[in-house]
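These protein sequence lines are chains P and D, in that order.
When we follow the working numbering, the leftmost residue of the first sequence carries the number 1, and every step to the right adds one.
When we follow the working numbering, the leftmost residue of the second sequence carries the number 157, and every step to the right adds one.
Keep in mind the hints are simulated off the structure, nothing from the lab.
Keep in mind it's a predicted model, so treat the numbers as computed, not measured.
Where a beta carbon is used, it is the ideal one built from N, C-alpha and C, also for glycine.
Treat the hints loosely; a few may be bogus.
Covered stretches of chain D, as calculated for chain P (at least 3 residues, CB under 8 Å) [as the list claims (entries may be wrong)]:
{"id": "1", "stretch": "166-180"}
{"id": "2", "stretch": "205-213"}
{"id": "3", "stretch": "295-305"}
{"id": "4", "stretch": "361-373"}
{"id": "5", "stretch": "528-536"}
Taking lysine to aspartate or glutamate pairs in the DMTMM-like style, the calculated list, with each CA pair at most 20 Å apart, reads [said to hold, decoys possible]:
{"id": "6", "chain 1": "P", "residue 1": "Lys106", "chain 2": "D", "residue 2": "Asp625"}
{"id": "7", "chain 1": "D", "residue 1": "Lys707", "chain 2": "P", "residue 2": "Asp97"}
{"id": "8", "chain 1": "D", "residue 1": "Lys652", "chain 2": "D", "residue 2": "Glu719"}
For reference, the chains in residue letters:
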Amino acid sequence: MTSLTPEQLASVDAVIAEHRDIPGSLITVLRLCQDIAGYFPLELILHIADGMALPVSKVYGVVSFYSIFSLKPKGRHTVRVCTGTACYVRGVREVLDRVEHRFGFKAGGTCEGGRFSLEPVRCLGACGLAPVMVVDRDTHGGVTPDSACAILEEYK
Amino acid sequence: MTPTMKLDRAGLMALRNRERELLDTAAPRIFCCSGTGCHATGSLPLIETLREEAARQGDGVQVIETGCNGFCAQGPVVVSQPGGILYCKVRVEDAADVVASAGGEPVERLLYRDPSGTAVASMDEIPFFALQRPWTLRNKGRIDPENIGHAIAREGYQGLAKALFDMAPAGIVEEMRASGLRGRGGAGFPTGLKWKFAAASPGDVKYVLCNADEGDPGAFMDRSILESDPHAVLEGMLIAAVAIGSRQGYIYCRSEYPLAIKRLTIAIGQARELGLLGENILGSDFSFDLEIYQGAGAFVCGEETALMRSIEGGRGMPVPRPPFPAQKGLWGKPTILNNVETLANVGRIIRLRGAHYASVGTEGSKGTKVFALSGDVNNIGLVEVDMGTPLSVLVNDIGGGVPGKRSCKAVQLGGPSGGSIPAHLLDTPVDYEAISQAGAIMGSGGVIVMDDRTCMVDMARFFMDFIQDESCGKCTPCREGTRRQLEILTRICEGKGAPGDLRTLEDLAAVITDASLCGLGQTASNPILSALSHFRDEFEAHINEGRCPAKRCVALLKFEVREDLCRKCGLCHKACPAGAVIWGKKQVARIDREKCVRCLACFQACPFDCIE
Numbered sequence: 001m002t003s004l005t006p007e008q009l010a011s012v013d014a015v016i017a018e019h020r021d022i023p024g025s026l027i028t029v030l031r032l033c034q035d036i037a038g039y040f041p042l043e044l045i046l047h048i049a050d051g052m053a054l055p056v057s058k059v060y061g062v063v064s065f066y067s068i069f070s071l072k073p074k075g076r077h078t079v080r081v082c083t084g085t086a087c088y089v090r091g092v093r094e095v096l097d098r099v100e101h102r103f104g105f106k107a108g109g110t111c112e113g114g115r116f117s118l119e120p121v122r123c124l125g126a127c128g129l130a131p132v133m134v135v136d137r138d139t140h141g142g143v144t145p146d147s148a149c150a151i152l153e154e155y156k
Numbered sequence: 157m158t159p160t161m162k163l164d165r166a167g168l169m170a171l172r173n174r175e176r177e178l179l180d181t182a183a184p185r186i187f188c189c190s191g192t193g194c195h196a197t198g199s200l201p202l203i204e205t206l207r208e209e210a211a212r213q214g215d216g217v218q219v220i221e222t223g224c225n226g227f228c229a230q231g232p233v234v235v236s237q238p239g240g241i242l243y244c245k246v247r248v249e250d251a252a253d254v255v256a257s258a259g260g261e262p263v264e265r266l267l268y269r270d271p272s273g274t275a276v277a278s279m280d281e282i283p284f285f286a287l288q289r290p291w292t293l294r295n296k297g298r299i300d301p302e303n304i305g306h307a308i309a310r311e312g313y314q315g316l317a318k319a320l321f322d323m324a325p326a327g328i329v330e331e332m333r334a335s336g337l338r339g340r341g342g343a344g345f346p347t348g349l350k351w352k353f354a355a356a357s358p359g360d361v362k363y364v365l366c367n368a369d370e371g372d373p374g375a376f377m378d379r380s381i382l383e384s385d386p387h388a389v390l391e392g393m394l395i396a397a398v399a400i401g402s403r404q405g406y407i408y409c410r411s412e413y414p415l416a417i418k419r420l421t422i423a424i425g426q427a428r429e430l431g432l433l434g435e436n437i438l439g440s441d442f443s444f445d446l447e448i449y450q451g452a453g454a455f456v457c458g459e460e461t462a463l464m465r466s467i468e469g470g471r472g473m474p475v476p477r478p479p480f481p482a483q484k485g486l487w488g489k490p491t492i493l494n495n496v497e498t499l500a501n502v503g504r505i506i507r508l509r510g511a512h513y514a515s516v517g518t519e520g521s522k523g524t525k526v527f528a529l530s531g532d533v534n535n536i537g538l539v540e541v542d543m544g545t546p547l548s549v550l551v552n553d554i555g556g557g558v559p560g561k562r563s564c565k566a567v568q569l570g571g572p573s574g575g576s577i578p579a580h581l582l583d584t585p586v587d588y589e590a591i592s593q594a595g596a597i598m599g600s601g602g603v604i605v606m607d608d609r610t611c612m613v614d615m616a617r618f619f620m621d622f623i624q625d626e627s628c629g630k631c632t633p634c635r636e637g638t639r640r641q642l643e644i645l646t647r648i649c650e651g652k653g654a655p656g657d658l659r660t661l662e663d664l665a666a667v668i669t670d671a672s673l674c675g676l677g678q679t680a681s682n683p684i685l686s687a688l689s690h691f692r693d694e695f696e697a698h699i700n701e702g703r704c705p706a707k708r709c710v711a712l713l714k715f716e717v718r719e720d721l722c723r724k725c726g727l728c729h730k731a732c733p734a735g736a737v738i739w740g741k742k743q744v745a746r747i748d749r750e751k752c753v754r755c756l757a758c759f760q761a762c763p764f765d766c767i768e
């Protein structure tokens, strides 16, 4: 273990100990571990597989299958841009293009210096506010290419 | 209320009567929407300020935090009772006036204004509300979803009491069959029949699952129900459990809905405290408990067999049917899976009888249906109408039509498995069979209105992008075929379409539909096929003429101002972020293509469609 601190490791072990005997708890364990570590470096996957007594292929298979799990480190702020149908019809494509152009990163990537990670997400169910952008825990509705860039400037 | 003891049937009745007096008093009450939509427009600080004002003014005004009211585009929404006065886009600064006027003269400036500008005070007179029939959504905006007493005051758990004490399991199934209720998740399978199969399956261990993995983009019915009336869903699951003989249930909810998960967790805790979940429910010998299981972001997990694999902790990939889940489902045991909206109807159906539910609707589609209306429409929000209501009523009367001077081009139903119904077919009634005939599917209830600036080729590409990304990869035709379809559509949008492309798209569609295991693959090509059947000329314009009639496909646009149409208003100049539009007063605008970043800001700004 190189990329995890001893405290993180202890928390991961506590999660594993609590869940290892509950059938079907792998996804719950992964969710809690990602909250602790931020993402899944290979060592963490190996450690979880070992602790849960599961094949590494099973753990990796589940991590790579579901979109909320990340194999890459994230930026300081997570920018989730809704790419559901209502947001698309109301012009989210132009918002994404401008944000990518302005901050120099691509959807699914992290910008230089680790300030933002940009994650397009499938429908957030807030179609009344389309197009919707969520920065960390703040929801911003009715964004335009201009307002989206202005909002992001507020997050350092 | 402070729950102190487990209820029996008489206790439930007594609690209902007590809570009803509290909730239905003539004293002024202010209901403020606290759904996801209104949270984003600032309802949380508003509720806090309303409470402070109520305490400060000291006239005994109650402030009640409710779930989604449905009129999302006008949020934050506040309803003042008595009188049913609706206030729109209420700000923190308005709180003092709202509280002071409760029970008296309405605050004029906050009232809803109809398209002619006339203020309408009473909610019941606004077409958006007046044309609806709130059965499933009967508690929306009327109760505090985090207070079980409110749900009980409005007949919550009375259906359960009736099912437990007055009916046999077979009678419950019969009542559900009589109601004609069909699965509201999209496929429309008769709910009573599903329960009948599971009830007939032998076994001591059976499961009741609730599908709250609302993945269709543009659909937010289930989120709103969970946020505004979680107890209706719990009651539906309990009655299903009585009917099939189950002791354990799971709610599979997508993690993108944190507020719904929070309210469900609270609801489950309160139901347990009152003895409505757990051992010996309402003093009977029936026991049932349930857990929430959070999804992890995979569209295919809305498919029943994939959802069960996901609860078991694995990759959410579908498995062949038969055996059907009613025989062998979760952990290999008989299982029923119903959608949130379906379950939210059950308590009411049992309480008022199936025949009452079936008294509304069409021959094959009974009762009401909740729709999430969004896209290019004035009144975005959640609506519930009788089955058989024409789509035009939904879009034009309830939805208030398309904003600006634009016209409706098509209405998309059924998400990525559905299709688009063109404007000239908007008299199609909402009915499972009629909508299929028009080339779409009823789906889960997402209705996305598209105006004349929407490119149907681009929309087909959008849905294919979604589907190929969400295909789980198990069946090769779906995994590879949808990717090839996306490549072809992307080429067409970039002006590189070839004459045989449409034929290839159709050939691929036939193979993918026939050779895929689950509903995702079987319906994956619907967006393409429906676009081709109604808007083939648009595809041909892209391929044969290198032209995008809706002016959306960037590669096919010239970025030139048509001098004969330009009214010299300068709006394009102001909108351009790159300083590429050259314009002076009383001058025709011109675009410097060296500087242009092709962002389409000028196209959207131009009121006269004069940029080519």
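Evaluation of the provided hints:
Counting residues of the stretch 166-180 of chain D whose beta carbon lies closer than 8 Å to any beta carbon of chain P gives 0, which falls below the threshold of three, so the coverage claim is violated. Interface restraint, the stretch 205-213 of chain D with chain P: violated (0 residues with C-beta to C-beta distance below 8 Å; minimum three). Three residues within the 8 Å Cβ limit are the bar, and the stretch 295-305 of chain D against chain P gives 0, so the coverage statement is violated. Counting residues of the stretch 361-373 of chain D whose CB lies closer than 8 Å to any CB of chain P gives 4, which reaches the minimum of 3, so the coverage claim holds.
Look at the stretch 528-536 of chain D against chain P: 5 of its residues bring a Cβ nearer than 8 Å to a Cβ of that chain, three or more, so the hint holds. For the hint pairing Lys106 of chain P with Asp625 of chain D, the CA-to-CA distance comes to about 17 Å; that is within 20 Å, so the pair holds. A distance of roughly 17 Å separates the Cα atoms of Lys707 of chain D and Asp97 of chain P; the hinted pair therefore holds under the 20 Å criterion. At most 20 Å may separate the alpha-carbon atoms for a hinted pair to count; Lys652 of chain D and Glu719 of chain D exceed this at roughly 29 Å.
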